[in-house]
Every structure is written in structure tokens, then in C-alpha cells.
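**Student:** With the hints as constraints, model all of the structure from the sequences given.
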Amino acid sequence: MSDMKAFEIHTYQSGKWKIDSVFDDRDLAMFEASRMDESGRYSGVRVIEEIFVEQTQQTRTRTIFRGSKVEANNAAELRKSKQARQQAQQNRAQRQKEEIVRRQHAHKRAIRKKSSPVRLFYISLFILALAGGMMYGLYHLQTGL
Amino acid sequence: MVLRLLARWCQWQDDDDFPSFSCVDPEEIEDMWPYCFVLDFLGYEEDPVVRMVGDALADYMPYDGVNNRLSDLPAGTLVEHAAAYYPEILHRGVPISRGGEFKKYDGKKVLYRSIILPMSDDGRTISGLLGAANCREVSGE
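Protein chains in written order, with the working numbering: chain H, 1 to 145; chain G, 1 to 141.
Worth flagging that the hints you see were computed from the coordinates, not collected in a lab.
Source: prediction; values computed, not measured.
The beta-carbon is built from N, C-alpha and C at its ideal position, and this holds for glycine as well.
Hints are not guaranteed to be accurate.
[Said to hold, decoys possible] With the C-beta cut set under 10 angstroms, the calculated list includes, among others, these residues of chain G facing chain H:
id: 1; residue: V2
id: 2; residue: A7
id: 3; residue: V94
id: 4; residue: P95
id: 5; residue: R98
id: 6; residue: L117
id: 7; residue: V138
[What the hints assert, rightly or not] Sample of chain G residues with no beta-carbon within 10 angstroms of chain H, all distances over it, derived:
id: 8; residue: C23
id: 9; residue: Y44
id: 10; residue: A84
id: 11; residue: E88
id: 12; residue: K103
id: 13; residue: D121
id: 14; residue: G123
**Tutor:** Structure representation (C-alpha cells):
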């Protein structure tokens, strides 16, 4: 038993891949696909090798040719996604940096707040007022008795 | 030749799914026409009728098989082998090319390369097939 091979030429038309023709000969399919690609008539040309394995009754496919436009598009897409990934990483790093700085500022503000002389003055004033109030209360309590 | 005929078929196709036989001018493809054959299968889906066999292919037939059913062609002819996979074209709706070898009715081994192209009267439904094949005899068998 031998595996069956077919070579499908696909063309990209109206936003989808369409089977254009089928060959049982790899060289013929590749030659025709190259010719079609060079004609510039199609925005994409590719050759799919289809192997039917009789033993397992399963079909395997793989792309063995991609037209220059497809290659160019893929490369452009790859470049675009790489740039987007890098930009996202940069944004994330920038955000993390900003967050660290923000935390550092908040921490410093908190320390400054804790050791502020104005704050200490108000706290002392509050304690004094409280003590004065208590003494006044005790004095009245004593005189009243 | 199969690629040249395929290129022609693409030109005839224009914006239709399949070109019409009315686009085919034998004089325009005079170098390929002797290697062509036409199968009419509208109404004969199970067993198409051979409507035309080019002169070069006729040399590989013991008698003229025009207007015979495909199954009635004698075994070991080029047209029989070149047209054997026509159901696949009906199924997939795209041109298919196959090659192979067979033993001719006179016992000689023949290598061939063929193509079958779907044709249509309305541009959408396959009503016939245009096939072509070239071959060479291999000595020693």
C-alpha cells in the first residue's frame, strides 16, 4: 500500500482561500503556483500538499509553497505583532515603574506626615486641651463635694 | 500542455465559476485541440458521453469512440485513462491534473499526463468537461 499525494493550488480571493486546481505532481503544482504568483493576478497563492495515509486512513496537510505576497503579508503581520508585543511590554514596564514611584512618594508622604512638626503641635495641643479639661472637671467635682 | 490549457481555462473563466464551451475556439488553441476531448454529462451524470476526441488522442484508440458512453470506450485507450477521474472534478469543482501509465490495447506501455477542466453553460453549474492529455509510448514493455 502506498500513500496518496495531491497538491492543491489555493488562491486568495474576496477574503478567503479558494482551491484553484489540483495536481498529483509536485513539480507541476509548484511551477504553476509560481507562474500564478508572478502574474500578480491574485493577492495570495499557496500550494497545499495533501497526503492520505492508507494505513491510518488519515489525511495530513502542509503548506509547501507560499506566494511572495503571502510571504510579505506574513512578514508584515509578524513585524506588526512583534512591535505590538514590544509596545505592550514597554507600557507594562512603564506602568510598573510609575507604580513604584507612586508608592515611594506615598511612603515618603506618610513618613513626612508622621513626623510633621505641625502635626505634633496639634497633637500636643489636643493633649493639653484634654488634660486641661480633665483638671477643670476634677476641680469642679472637688469644689462641688 | 496541461498548464497552457489551464491558463486558457482561467482566461475563459472571467468572473464565472466555470467557463462556457462557447468560449472555446479550436482554432485559437489549434496546438492543443488535437489532444483534447469533451465529455457531456448533463443528463448522463453516471456515465458521460464522449462528444469529441482530438486527432492525436484518436491515434490511441482502436476506433472512433465519439458519441459513445465513457464506459463503452475500449479498455486501454488514452481517453479512458485520462477521463477516469472525472467524478472528482464534479465533486470538487476545480481543474484536476493526473498522470500515470497504462498498457495500451496493443500491449505497449504508455506514460501520460492529463487534465480535466469543468465547463458550464450558465457559468455556475458544471454541464460538461474539457479534457486534454499528452503521452508517450515507452519501449521495452
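**Student:** Tell me the numbers of any earlier hints that the structure contravenes, in ascending order.
**Tutor:** 7 and 11
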